[in-house]
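*Asks:* Now for the letters of each chain:
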Amino acid sequence: MKDLLKALPWIGPAVALIAAVVLFPVGLMFWNSTRDISQSGLDDGGVGLANFATVVGFQYFWPILGRTVIWVVVVVGCTLLGSLALAALLNKAFPGRRLVRMAVIVPWAASVVMTTLVVHYGLEPYFGIINSFLVDVGLIDTPEGYGWTRHPGTAFAWAMAVAVFVSLPFTTYTILAGLQTVPGETVEAARIDGASGVRTYFSVVLPQLRGAVSVAVLINIINVFNSLPILRVMTGSIPGYDADTVMTMIFKYMQNQRQIDLASALSVIAFLVVIGIVAIYVRVVRPLEEV
Amino acid sequence: MAQYRRLGGILAIALATTTGLTACGFGGSTGEATGDGTTLDLLVPSYSDATQGLWDDVIAGFEEENPDIDVNLQVESWDNLESVIATKIQGGEAPDIYNGGPFAGFAEDELLYPVDEVISEETYADFQPTFLENAQVGGTTYGLPFIASARALFVNDALLEEAGAEVPATWDELLESAKKVSELGGGVAGYGMPLGSEEAQAEAAVWLWGGGGSFGDAEQITIDTPENLEGAEFIKTMIDEGATQADAGATDRSPLFDIFVQGKVGMQVGLPPSVGQIESDNPELEYSIHPIPTKDGEPFTLGVADHLMAFQNDGDKQEAITAFFDYFYSADVYVPWVQAEGFLPTTLSGSEQLADEEALAPFLDVLPDAQFYPTTNPDWNAADSAFKALFGQLDGNKSAKDVLAEIQTQVDEG
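As you go down the protein sequences, you meet chains H and F in turn. According to the numbering used here, the first sequence is numbered sequentially starting from 1. According to the numbering used here, the second sequence is numbered sequentially starting from 1.
Here chain F stands alone, though its shape is the one from the complex:
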């Protein structure tokens, strides 16, 4: 008998320790309302260390204008954001306003307000039309374009000059220039190719779309196509011919860009905030920003827009949400926010106001040629994670065809 009691004790220990991983969740406090006004819960990701302060300023300004509305701010890291929102929805505690990436799943589950119900007409008309189209599911807009980014090729001018290489516009030129830079030796890499899990889908888009491919549309995700194969094959060529840094398959973007900033990488695709990073970490770096090389030299860029969306919950906060969105998207509030984070605005008035910004000019120039991830396809989440998990295998023995087929399979299985 004593023995069984001990067994029970041990099982209890095992039980307690093994459930630790899955038991996290059911968190989420929704602060108390002060006074009898409406309370808006706002869940946002952290773009930088400044994000929390920027939102605090916005909320302070908003609450001053609307004394009967309280705003609760919750800031989460990007890593946690999606599990936090999933947990909250599961617990019936969805925030009223959410800032995130893909939202088609929420729209499909009928959790969101169509945005024209929670924003005034003037504000709605101020968005760039391409960005609004990108935020539609079945013809209805569910997300308000929040901040945008575009990609461009950052070139280390000093290294290219030393190697006698030209700034490339096509893949073949890129291969040639990158090989020349790699041959300088001393750990210098010609082209920085981050296929690691951090943002493999972005580097994939740069290459597969640059070769004329696409990831599909709102109805269908198509990865394993002949057009995409071309880009994937060329990635393999770049790696095999030594034009990239070592271990491209498991290199994450952020640490690799640090190496670029240190002046050890010839060329790498970067974002608007990369300009600020170089400015603060290594202002001596001689670099320039160019359009991304493509197979035939046609300009293109990968555009990404994050969105603000409004959850319906009990359906009684429509007016408060409208007030908040109209306040936030007024140029005086919105533009400083976007600018402080180093991204691009999605409103027409915002673009006008930033037109003279020299650092952003190369990005604003390519913005009209921007192509977007098919984020309105409910399967895009699966595709995104399949790229993160599998695309890096191009650096290895697997053929490009097999890698694309494996990604497609994982997407189809959902």
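Isolated chain H, as found in the complex:
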């Protein structure tokens, strides 16, 4: 107890900051989710769990949740495979490696909204360069191109591609950092024992990357689950709820329908889902344990 008091001046600011920017918003979110809030933002009293019942009872709720799972699994999976390959490449010495390493950072440095808008405009019929290219090489036979972002399936697929693109740099660098810690002797020993390159990678290098990979996956899961801007831009003009994830649905409740109470309720659900996934992941994979 005395120790705690002595430490307080040092940890006090940090604790206050966490309380102000993490605990308070979370508390407010939980509070709002049990209130009836009018469209102009006035609190009209408590309604218990009615907001949750409305949100879960919405006829598109389960498809949206399912789509969110697909979104997370596909994006994180593809990002991981791509990053493992890229990191292995960047770990080899070759002329111009420094430039390539810099180039990999670019999608990370650029604004996500900007990157997505570039692709979105490229996919526009009539003037998008991706559409123009596909028309010119004869893959699309309507002269104005195909409305990629006008159909739920194709728009969602392109959104996934963009999400993988912007997730690659961080994941690649995390794994690259992991690769640098793999001791050269272990690889050398495998060579001497006559293991092939593939065998060496899967049996010697990859197991030692466990820490780096599992941390990268964990952070990616949280990030991708909570990703809004890419889907917002790519699928924003599509009518109905056939391309929505939990995050875009929260946004629709909040921005379009101005139902802050329902948006909060869905946020709470999303929050619990993420906490659940993370808790399971931490138990099963133990990402922060030493190998």
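Among the clues, some could well be false.
[Stated by the list, open to error] Covered, in the sense of this in silico footprint (three residues per stretch, anywhere, with C-beta under 8 Å from a C-beta of chain F), are these stretches of chain H:
hint : segment
1    : 33–40
2    : 62–69
3    : 231–240
4    : 252–265
If you are wondering where the hints come from, they were derived from the structure by calculation, not from laboratory data. Where a beta carbon is used, it is the ideal one built from N, C-alpha and C, also for glycine.
Go by the hints and put chain F onto chain H.
*Replies:* Chain F only, in chain H's frame:
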């Protein structure tokens, strides 16, 4: 033990990242007053890149005449405007004067001054009566009509001539002409039909009301009606017979109008500012402006008026607000503002002053036939967002009846 501390750390990370989305809010600074006069907070949307400058000029002129009143200007994009105002109200920091669309919700929550308490009688009498009626909730006017717009059919004369098509006045003629233009090929679309989320409610009004339907009144929102069904069915016919551009259901209005300006769309419904857009982007375009075709050829237009409204807050700024409104609506200040943004004035003196403007003439002509969204119905917000989210499904396998029923359901659930 160490393991649990790590778990805690990870949960903290998760906590921090997951709350990012909902935690935004509680912003809003209300600058400090200089001197001991009154300070008015003004929250307005951005109509164009010029909006901020126009307001700055108005405020400079006003502050010169009223040295004891300071005006704080906050300009937001239309996309953010409604969440900003909701956040401010929730935080007890409502602006004194607000420029926005629907306001019935605020009136219902008793946040607004009835406008006759914050404006002089002469200024009040100068508004077009139809616009004032449209700004009433339960017989009391809560919004001052600010700027108006009307819709009309923009026709690409060159394309119609090439296709040998006539300018349509009825739906059947429109279908025929649009199909002829579409058959020109090369990516040309006969009729530009934007049912995407950007402004689906406007295209819906053009068709459903043009067939004799309506969205209801101040008491009740009625979407799923036989009259409305006719318009919705005809939209499906237009799409199915290839009279429109591809993917009408997810096409937004602004990008589609860009295509019209490029000369690839035969006909599309446009707004007064569309004239200026064509003028600056493609002055070569051969086009003309006509009344919107309806089922039986009766003229009609969709009128939209945005409003200025005054929040009561502590109730101590009534005089300052009155001074501001009277200054702003004087013809010398108001008309140049409206004109610079390319919209139509809502005052009688303003209309007189603009009567000789050639570009605005087609719109001023149809203004008397204007019908309005039922914005004074507190459920209109829900209807508006239901149209944005669901109306585009007409372009697809769902029947017109089902789409209207789904919109009605979402409105009724509020």
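*Asks:* Hint by hint, say whether it matches the structure.
*Replies:* Against the structure, the hints:
Counting residues of the segment 33–40 of chain H whose CB falls under 8 Å from any CB of chain F gives 4; the rule of at least 3 is met. Proximity of the segment 62–69 of chain H to chain F, defined as three or more residues with a beta carbon under 8 Å from a beta carbon of that chain, is not established by the 0 residues found. With a threshold of 8 Å between beta carbons, the proposed coverage of the segment 231–240 of chain H by chain F holds, since 5 of its residues qualify and at least three are required. Counting residues of the segment 252–265 of chain H whose CB lies closer than 8 Å to any CB of chain F gives 9, so the stated coverage by that chain holds, three being the minimum.
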